[in-house]
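Novice: For the protein sequence lines, the chains are W and X, in the order given.
In this note's numbering, each number is its position in the first sequence, counted from 1, plus 12.
In this note's numbering, each number is its position in the second sequence, counted from 1, plus 3.
Hints may contain errors.
Label-pair distances were calculated between CB atoms; the ranges are [said to hold, decoys possible]:
| hint | chain 1 | residue 1 | chain 2 | residue 2 | range |
| --- | --- | --- | --- | --- | --- |
| 1 | W | Q60 | X | F77 | 40 to 50 Å |
| 2 | X | E133 | W | C62 | 46 to 56 Å |
| 3 | X | D180 | W | Q99 | 14 to 24 Å |
| 4 | X | D180 | W | K215 | 43 to 53 Å |
Cross-link-like lysine to any residue pairs, in silico, SDA-like; alpha carbons within 25 Å at most [unchecked claim]:
| hint | chain 1 | residue 1 | chain 2 | residue 2 |
| --- | --- | --- | --- | --- |
| 5 | W | K36 | X | H109 |
| 6 | X | K71 | W | D70 |
| 7 | X | K130 | X | E209 |
Rather than coming from a laboratory, the hints here were simulated on the basis of the structure.
Glycine included, C-beta positions come from ideal geometry on N, C-alpha and C.
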Amino acid sequence: MKVLAIDTSNFVMGISIVDDQAVKGEIITNLKKNHSVRVMPAIESLLQECDVKPNELDLIVVAKGPGSYTGVRIGVTIAKTLAWTLQIPLVGVSSLEVVAANAKYFDGLIVPLFDARRGQIYTGLYAYRDSILETIQEDRIVLASEWAKQLKEYQQKVLLIGGDGELHKQVFIEELGDLAQVAPPSLHNPRPSELAFLGMNRKSEDVHTFVPNYVRLAEAEANWLARQRERVDE
Amino acid sequence: MEKDLLVLGIETSCDETAAAIVKNGREIVANVVASQIESHKRFGGVVPEIASRHHVEQMTIVLEETMKQANLNFSDLDAIAVTEGPGLVGALLIGVNAAKALAFAHQLPLVGVHHIAGHIYANRLVKEMEFPLLALVVSGGHTELVYMKEHGVFEVIGETRDDAAGEAYDKVARALDLPYPGGPHIDRLAQQGKPIIDLPRAWLEEGSYDFSFSGLKSAVINTLHNAKQRGEIIKREDMAASFQASVIDVLVEKTVQAAKHYQVKQVLLAGGVAANRGLRAALEERVSQLDGIELVIPPLFLCTDNAAMIAAAGTVLFQKGKRATMALNANPSLELA
Ligand SMILES: [Zn+2]
Numbered sequence: 013m014k015v016l017a018i019d020t021s022n023f024v025m026g027i028s029i030v031d032d033q034a035v036k037g038e039i040i041t042n043l044k045k046n047h048s049v050r051v052m053p054a055i056e057s058l059l060q061e062c063d064v065k066p067n068e069l070d071l072i073v074v075a076k077g078p079g080s081y082t083g084v085r086i087g088v089t090i091a092k093t094l095a096w097t098l099q100i101p102l103v104g105v106s107s108l109e110v111v112a113a114n115a116k117y118f119d120g121l122i123v124p125l126f127d128a129r130r131g132q133i134y135t136g137l138y139a140y141r142d143s144i145l146e147t148i149q150e151d152r153i154v155l156a157s158e159w160a161k162q163l164k165e166y167q168q169k170v171l172l173i174g175g176d177g178e179l180h181k182q183v184f185i186e187e188l189g190d191l192a193q194v195a196p197p198s199l200h201n202p203r204p205s206e207l208a209f210l211g212m213n214r215k216s217e218d219v220h221t222f223v224p225n226y227v228r229l230a231e232a233e234a235n236w237l238a239r240q241r242e243r244v245d246e
Numbered sequence: 004m005e006k007d008l009l010v011l012g013i014e015t016s017c018d019e020t021a022a023a024i025v026k027n028g029r030e031i032v033a034n035v036v037a038s039q040i041e042s043h044k045r046f047g048g049v050v051p052e053i054a055s056r057h058h059v060e061q062m063t064i065v066l067e068e069t070m071k072q073a074n075l076n077f078s079d080l081d082a083i084a085v086t087e088g089p090g091l092v093g094a095l096l097i098g099v100n101a102a103k104a105l106a107f108a109h110q111l112p113l114v115g116v117h118h119i120a121g122h123i124y125a126n127r128l129v130k131e132m133e134f135p136l137l138a139l140v141v142s143g144g145h146t147e148l149v150y151m152k153e154h155g156v157f158e159v160i161g162e163t164r165d166d167a168a169g170e171a172y173d174k175v176a177r178a179l180d181l182p183y184p185g186g187p188h189i190d191r192l193a194q195q196g197k198p199i200i201d202l203p204r205a206w207l208e209e210g211s212y213d214f215s216f217s218g219l220k221s222a223v224i225n226t227l228h229n230a231k232q233r234g235e236i237i238k239r240e241d242m243a244a245s246f247q248a249s250v251i252d253v254l255v256e257k258t259v260q261a262a263k264h265y266q267v268k269q270v271l272l273a274g275g276v277a278a279n280r281g282l283r284a285a286l287e288e289r290v291s292q293l294d295g296i297e298l299v300i301p302p303l304f305l306c307t308d309n310a311a312m313i314a315a316a317g318t319v320l321f322q323k324g325k326r327a328t329m330a331l332n333a334n335p336s337l338e339l340a
């Protein structure tokens, strides 16, 4: 089974080819460069290097967000289009979960996070139980300070993981003290091979209705809904 | 006999998700447009982030419908053409990346198309082009006079220096409390009113084919404001008729002057505003007085954004050897060249 995994949810661009249990190739960069220009050339060259033709692929796995709206959409659009036109299954995996998978041997709670500006983060709560990654709390957007308070109640070791961890670690250390740890830089980038393995045994999506998990509404839509509610209250 | 050339076109530059297949650059085999206009109406205009989200939801559905309508496989196609710009960047990105994925999956040539080139080539789905020709492109985002002496070569001889004509329509419609999009409402009211209000016409310098509509728009808003302060009532129908007369006068006069100067064989009308009845009628009347110049106006469904026009323009560019790589990007301010 040949799997192509694509992750463009943040600055990290990740592409991998996994063949059954073997990771044939991975491309990972962490650059502020344009995904739209680089993703398809990366897929093209990786498949060529790995001697895999597009029509030999069996499964597409894509990181479905949260993250940069535009970034996630580029990966999801490519994944949906490839899966549809090659008539193969498509699986979407949380972009945060992919990062959490890097903390395989951590005994405690795993907190992947991406900066979401104005003190907010995209995050979720994960843990490995019997070497399976479990979701303890769903992905969300939340104030880092608010999230730190919620995590404190678990009274367990917490690992912050993801490139934006440095940006917010102080907030967590203040709240959690010694219980908070920050993963080393080598674990921050999501690995597209982990993405492939996470997606491999999951139920596939309906290609047409599959959409990114933005976690929040578009601003215009949120404002519009608020106005509708005001009108009802009046 | 040469083999038929089949090109799949994709267009997502604004608020329509569209795909189409065109044969030999002239014949529509399939044409699918999913409009988002109902979703954007509540915001009074197109919201870019919402548009991008809808494109992701619609893209593969529209592609599937297109292939089904055409009853073709990807192996039957010769190339894939996609709008690379101008437009909303987030919206363009969906079409561009879907097109790249398809081209890669089936190892098909990929061609990037300028949105305005698409609008102009919509005419070729109605009538074969005869060069030299002049195209008047009028839409929500564009007001341009484009001169073509051969296929695939575009020379912009006039463009708007501020608002596009369609933009002015939307703003004036708002001032008249008409719903979005305003163009069709103004056109309708204009048929019922009289152009009795004196509004400016921006001719600009002698010999210029450029346009300017912001002064006109401000004049409408000021006239309405002043009348209100004086307690006078201006009939909306008359204001619509007067505004439309001013826009059309300038568009038609400049088009006619340019058509004479460049001694063209055809004048093409393109873009969403080509649906405007007043503009069509005025252009028909004036061009019919010119000897040996034919006026071509595509039917409404080819004037508004669609992918058949992109496939049609893409076919010509493909034949001229234009190719894009997997690094093709969306370019929101792409120049027509
Ligand atoms: Zn257009």
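Novice: Okay, X/E133 versus W/C62 on CB: inside 46 to 56 Å?
Specialist: Holds: the Cβ-Cβ distance is about 51 Å, inside 46 to 56 Å.
Novice: For X/K130 and X/E209, compute the direct alpha-carbon distance and say whether it is at most 25 Å.
Specialist: violated, 33 Å
Novice: Starting from the range 40 to 50 Å, see whether the pair W/Q60 and X/F77 falls in it by beta-carbon distance.
Specialist: Check failed, 20 Å falls outside 40 to 50 Å.
Novice: Are the Cα atoms of W/K36 and X/H109 separated by 25 Å or less?
Specialist: holds, 22 Å
Novice: Taking 14 to 24 Å as the stated bounds, is the beta-carbon spacing between X/D180 and W/Q99 within them?
Specialist: Given about 51 Å between the Cβ atoms, the range is violated.
Novice: Has the hinted range 43 to 53 Å been met by the Cβ atoms of X/D180 and W/K215?
Specialist: At roughly 51 Å between Cβ atoms, W/K215 and X/D180 fall inside 43 to 53 Å, so the hint holds.
Novice: Is it true that the CA of X/K71 sits at most 25 Å from the CA of W/D70?
Specialist: Roughly 24 Å separates the two Cα atoms, so the pair holds.
Of the numbered hints listed earlier, those contradicted by the structure are 1, 3, 7.
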